[in-house]
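Given the coordinates of chain A, work out where chain B should sit on it, guided by the hints.
From first to last, the protein sequence lines are chains A and B.
Read the first sequence against this note's numbering and you will find it ends at 215, with the numbers running on by one and no gaps.
Read the second sequence against this note's numbering and you will find it ends at 215, with the numbers running on by one and no gaps.
Don't read these hints as lab results, they were simulated from the structure.
Do not rely on the hints blindly, as some may be mistaken.
For chains that are exact copies, the list does not tell them apart, and a pair is met inside one copy or across any two.
[Unchecked claim] Derived lysine-lysine pairs resembling DSSO-like cross-links, with alpha carbons at most 30 angstroms apart:
| hint | residue 1 | residue 2 |
| --- | --- | --- |
| 1 | K210 | K127 |
| 2 | K27 | K118 |
| 3 | K127 | K30 |
| 4 | K21 | K60 |
| 5 | K127 | K27 |
Protein chains: 2
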Amino acid sequence: MNYLAPLEHRYSVKKFNDHKVPKETLERILKAGQLTASSLGLQPYKLYILESKESLDKAAAAFYNKSQISTCSHLILITAKTTLEDDYIERYFNQITEVRNVPRESLEGFKTSIQGHRTKLGSDNIIHWSEKQAYIVLGHLIMASALEQVDTSPMEGFNVESLAELLSLDLTVERPAVTLALGYRAEDDVFSTFKKVRKPNDKLLTYL
Amino acid sequence: MNYLAPLEHRYSVKKFNDHKVPKETLERILKAGQLTASSLGLQPYKLYILESKESLDKAAAAFYNKSQISTCSHLILITAKTTLEDDYIERYFNQITEVRNVPRESLEGFKTSIQGHRTKLGSDNIIHWSEKQAYIVLGHLIMASALEQVDTSPMEGFNVESLAELLSLDLTVERPAVTLALGYRAEDDVFSTFKKVRKPNDKLLTYL
Numbered sequence: 008m009n010y011l012a013p014l015e016h017r018y019s020v021k022k023f024n025d026h027k028v029p030k031e032t033l034e035r036i037l038k039a040g041q042l043t044a045s046s047l048g049l050q051p052y053k054l055y056i057l058e059s060k061e062s063l064d065k066a067a068a069a070f071y072n073k074s075q076i077s078t079c080s081h082l083i084l085i086t087a088k089t090t091l092e093d094d095y096i097e098r099y100f101n102q103i104t105e106v107r108n109v110p111r112e113s114l115e116g117f118k119t120s121i122q123g124h125r126t127k128l129g130s131d132n133i134i135h136w137s138e139k140q141a142y143i144v145l146g147h148l149i150m151a152s153a154l155e156q157v158d159t160s161p162m163e164g165f166n167v168e169s170l171a172e173l174l175s176l177d178l179t180v181e182r183p184a185v186t187l188a189l190g191y192r193a194e195d196d197v198f199s200t201f202k203k204v205r206k207p208n209d210k211l212l213t214y215l
Numbered sequence: 008m009n010y011l012a013p014l015e016h017r018y019s020v021k022k023f024n025d026h027k028v029p030k031e032t033l034e035r036i037l038k039a040g041q042l043t044a045s046s047l048g049l050q051p052y053k054l055y056i057l058e059s060k061e062s063l064d065k066a067a068a069a070f071y072n073k074s075q076i077s078t079c080s081h082l083i084l085i086t087a088k089t090t091l092e093d094d095y096i097e098r099y100f101n102q103i104t105e106v107r108n109v110p111r112e113s114l115e116g117f118k119t120s121i122q123g124h125r126t127k128l129g130s131d132n133i134i135h136w137s138e139k140q141a142y143i144v145l146g147h148l149i150m151a152s153a154l155e156q157v158d159t160s161p162m163e164g165f166n167v168e169s170l171a172e173l174l175s176l177d178l179t180v181e182r183p184a185v186t187l188a189l190g191y192r193a194e195d196d197v198f199s200t201f202k203k204v205r206k207p208n209d210k211l212l213t214y215l
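The following block holds chain A by itself, in its conformation from the complex (with noise of 0.2 angstroms):
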């Protein structure tokens, strides 16, 4: 399977053309984050997906560039949770009981690592352990995109409070951590034709 042409094809699309992405394209991109590893599975982040002009119009003020958002097909923005609440590991191990067919006292061992962890981190660092998840779908979407020969733009300049009220966002339960514009690139974004500029591997990698 060559993913390597898709992603040198692949840049940060600076405008769209007025195509829309499938149904079908984003649901399976989609998918592709929803079977995203997370650190002790626990996927904490949510994924608003905005295709109505309506919404889209309004998330735009909160933008610094606004190109992506105007011309995009959709916006997938991800949030981060900002708490690991009981209740959300309990529903947690309600699933994975279900899901598994296992008894629940079997899995004390685990929920035992998942408290432990959540102790060790810290409240003030959740949200900087649940962005981090957040920013591993964030790849698959990415990836997944290009494979579907969809363009993207991945964008972090937003002011979180801004698009946290314009969506109604509550602050104190999600944050949001980063966002991605898909659609078709545009002949005119003079942004396709500039060479990747990438590390070469010597500055990139090193084996032990």
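Chain B in isolation, oriented as in the chain A frame:
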């Protein structure tokens, strides 16, 4: 390109068999890591590939669960930059100028953006920003491995200070962010039989 079946097949391996990942396969997976998007293109990370038994044995002491380290073919450690020095930015701009054959002056606006971004982040948050970028790489490495039918185990469960000391890394420059063990699942790894537990769409996705 069916990338969902390999992602469904993927799980976080706890015990690998004794097959080594071929050099060419590993190089393609690492290339997918190199091609990852990063904030402002700054790629604030490095990848250490532990392949010798000596290095793996040495690193194992820093991990809470050692079964993956003692059985994997390779362990990739991604470190994140703790600072964003003027020199580093300068080298990045030298590379852009060279690769794209553009006059240095034409990049001044972009350079100002980067400096503004650094100021806005503040020195304490550089590490969080660079760790997030490292996790996009992780997402690519996991997915590329799945497409190569190489099994993986992403791991955060190590002592950062110990691992840095064991591998002679300078924590004032870079910080171990996350690791990915690569290899092939052992036949008797009981975890390979467990059903995946993932948030259903109605808990993970919201369309706006």
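Do the hints match the structure? See the list:
1. K210 to K127: This pair counts as between: shortest inter-copy Cα distance 27 angstroms, intra-copy 34 angstroms.
2. K27 to K118: neither (43 angstroms within a copy, 33 angstroms between copies)
3. K127 to K30: neither (42 angstroms within a copy, 38 angstroms between copies)
4. K21 to K60: within (18 angstroms within a copy, 46 angstroms between copies)
5. K127 to K27: Neither, since 45 angstroms and 35 angstroms both go past 30 angstroms.
Checked against the numbered hints listed earlier, the structure breaks hints 2, 3, 5; every other hint is satisfied.
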